[in-house]
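Asks: Construct all of the structure, not just a fragment, from the sequences and the given hints.
Single-letter residue listing:
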Amino acid sequence: MRRRTPLAWKNLTNEPRRLMIAVAGVGFAVLLMFIEVGFLNALLDSTVQVLRCLRGELVIVSRTKFAMAARERFDARRVYQASGCPGVESVYPIYMETMGAVLRRGDARPASRGYPIRVFASRPDDHVWLLPAVGENSPRLRQPGTALFDEASRKQYGLPHRLPDLAKCETELAGQRVRFVGTFYLGVDFTNDGNVIMTADNFARYFPYRSRGMNPLSVVDLALVKIRPGVSWRTVQADLQQRLPDDVRVFAKSAFIQNEKDFWSTSTPVGYIFFVGAVVGFVVGVIICYQIIYADITDHIPEFATLKAMGYRTPYFFQLVLAQAAYLSLFGFVPGCLVSAGIYALLARITGLTMQMNLVTTLGIFVATWCMCTISGLLAVRKLLSADPASLF
Amino acid sequence: MWVRTGAPRSRTIRVRGLQHYFGEGETRKQALFDNTLDVYEGEIVIMTGPSGSGKTTLLTLIGTLRTVQEGSLRVLGRELLAAPRQELVATRREIGFIFQAHNLFGSLTALQNVKMGLELFDFDQPEMKRRATTLLERLDLGHRLNYKPDSLSGGQKQRVAIARGLAHSPRIVLADEPTAALDEATGRKVVTLFQELSREQGVTIVMVTHDNRILDVADRIVNMVDGRIKSDVVVQESALICEFLQKLRAFEKLTPATLASIADKMQVEQHSPGDVITRQGEPGDKFYLIRSGEVEVLVDDGTEKRVVATLRDGDLFGEQALLTGEPRNATVTATKVTMLYSLGKVDFQAAISASASLREELQKVLFERQ
Chain V
1 MRRRTPLAWK NLTNEPRRLM IAVAGVGFAV LLMFIEVGFL NALLDSTVQV LRCLRGELVI
61 VSRTKFAMAA RERFDARRVY QASGCPGVES VYPIYMETMG AVLRRGDARP ASRGYPIRVF
121 ASRPDDHVWL LPAVGENSPR LRQPGTALFD EASRKQYGLP HRLPDLAKCE TELAGQRVRF
181 VGTFYLGVDF TNDGNVIMTA DNFARYFPYR SRGMNPLSVV DLALVKIRPG VSWRTVQADL
241 QQRLPDDVRV FAKSAFIQNE KDFWSTSTPV GYIFFVGAVV GFVVGVIICY QIIYADITDH
301 IPEFATLKAM GYRTPYFFQL VLAQAAYLSL FGFVPGCLVS AGIYALLARI TGLTMQMNLV
361 TTLGIFVATW CMCTISGLLA VRKLLSADPA SLF
Chain D
1001 MWVRTGAPRS RTIRVRGLQH YFGEGETRKQ ALFDNTLDVY EGEIVIMTGP SGSGKTTLLT
1061 LIGTLRTVQE GSLRVLGREL LAAPRQELVA TRREIGFIFQ AHNLFGSLTA LQNVKMGLEL
1121 FDFDQPEMKR RATTLLERLD LGHRLNYKPD SLSGGQKQRV AIARGLAHSP RIVLADEPTA
1181 ALDEATGRKV VTLFQELSRE QGVTIVMVTH DNRILDVADR IVNMVDGRIK SDVVVQESAL
1241 ICEFLQKLRA FEKLTPATLA SIADKMQVEQ HSPGDVITRQ GEPGDKFYLI RSGEVEVLVD
1301 DGTEKRVVAT LRDGDLFGEQ ALLTGEPRNA TVTATKVTML YSLGKVDFQA AISASASLRE
1361 ELQKVLFERQ
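Chains as they are written, first to last, in the numbering used here: chain V, 1 to 393; chain D, 1001 to 1370.
Do not rely on the hints blindly, as some may be mistaken.
What the hints assert, rightly or not - Derived DSS-like pairs (lysine-lysine); straight-line CA-CA distance at most 27 Å: (1) V:155 with D:1129; (2) D:1189 with D:1148; (3) D:1189 with V:10; (4) V:155 with V:168.
No lab work stands behind these hints: they were computed from the structure.
Values in this document were obtained by computation on a predicted structure and should not be read as measured data.
Replies: Here is the structure:
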């Protein structure tokens, strides 16, 4: 193809101030979409963040557990049954308490009645946590009445987030003294305001009634299965599902994570709300972008009419406006994306939610930005096509 | 030079019974009334007339920028009435437009703006650059090739726009006040370029202008009033005729205004040897002046044909039949390639009645001949 004068590029970049305004406008729309999608992802990512911090390829849960937050448990014997399965290296039971686990600062003034917190427990010899802080504090956690506190827990607990101030505080969990010997970073989500990790032995002491008179550790919330190196997880998964009774189900961890996300995004209105928010961002973007392109076309109507008089035809003008839209989306996206990254970091610090900018989301928003600019361009091109060369004489 | 009779050069614009209306229903207003116009290859036509007289409407119709509603308009051999879009765009690409406002893209340099006019055609990059550069240099903008319009003066911008309109070698140039933004010297340069294009490449140039300084380049001046072509004057030719008439004894006492009005009405005719110009016994309808060449006057008295006279440059004939109202008393035949100026009977009689001296002089010529 013959090289043509890049009119779209030249017109867009000719006036830097105007370009800045355009970039700011499109960038703002990009930011809006990023924040809405970011919150949605934060919601979804935060709820599965704990699963990402646990070792193991497969997850065993009660057949009736439809989401992590559901208090559906299964018999601890399944853990031992699973351990005997070929290809399994180890099975780590995880115990979890939320509603009954009220954390209260005893020396708070005025006195606080405390707030529920999510408590995780694992057997002291299981290296199930991928969080380095858990391994480092393992000897101290074996002492009775000790636990680790999530630095990302919300401020309502009134606790300092770091040692040694934290250790000096007088704290009660489920009505009993608890001593925090360390901190870790996991992050909160929309249903949990904070996290605590302890050993199963301590857990049994704090929550003795969770199994109706039986050993509190006889019911497990979920179990992680670590597979021997070189063995296919698919084989083991199928094997386990067949050997274990029908009251549990075995998932690949990645599938379990996906199910959890799907639950929140489709079975609750929360996902929908943020989706609508992102759509609003998109629409705002279309309007801003339309204004920019329309104004630019209006200012150059006599020039475009002259091109028409010369014999330039409709496809050329479509091409011109679409190229301009594409440049605009690129120019707007880059700064919008950078500012969003900054705001994500800030929001993660403030809210404790997991705000991650992943590749799929970023690409998705780029495509949305491009669509946004293209739609605006197609709306504005009508103005250009109405340019009447007869009015030039 | 073109000649109206004899072998005509090809007609680039042909307007017949052209009507145009603006608005619809009650507010419909007629802008052009039954106009007829012919413009030939290589002609420079200047259109004048008060604003609202329809000259720009006519120009936009010729430029295919408006749809022809009624009548016939042929441009470069294509009928524009009810022509498909494809055809209109094809015609448009053979036309160069120069608008009153320069309409340059502020984001492009002078060179790039001119190239925009070339990119529609099959020129390669070096050719485009060569054409654009040559034209801009011709218009004294060689040192401003890579300047954007913002750093050019009004006149320079207008010249870039002119270069853009001409770069693709259009066959017709339609220009609207092309020199309005230019000083006299650059304005002259532009019209000289127009003249060159029309003489050397046969480009037809139709120009709307009120700039009296450039009227002299016109071959014809078309004056429009109220949507009608009021006069269509062959300027160059009538100037020549005037000059010629002044040298003749019969016309030497006439005022320049009378001379010009006679010259305006005269037609140019060209005849080859052997052509019969008037025939004895036929009614007389024209008066002739010999611009150049030679004719023989033959009288047939019933028994034999006699050559009574041989007429040459500056001689006149055909006046007797018009003065007396009798049929032609001789047959006139060209013996060489002959250029004649002719004046119709009505115009001739009007000229005679307006000027006593002309009648006297003609009667003297008549008397001397007998």
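Asks: Confirm or reject each hint.
Replies: Status of each hint after checking the structure:
no., hint, verdict
1, V:155 with D:1129, "violated (70 Å)"
2, D:1189 with D:1148, "holds (22 Å)"
3, D:1189 with V:10, "violated (31 Å)"
4, V:155 with V:168, "holds (17 Å)"
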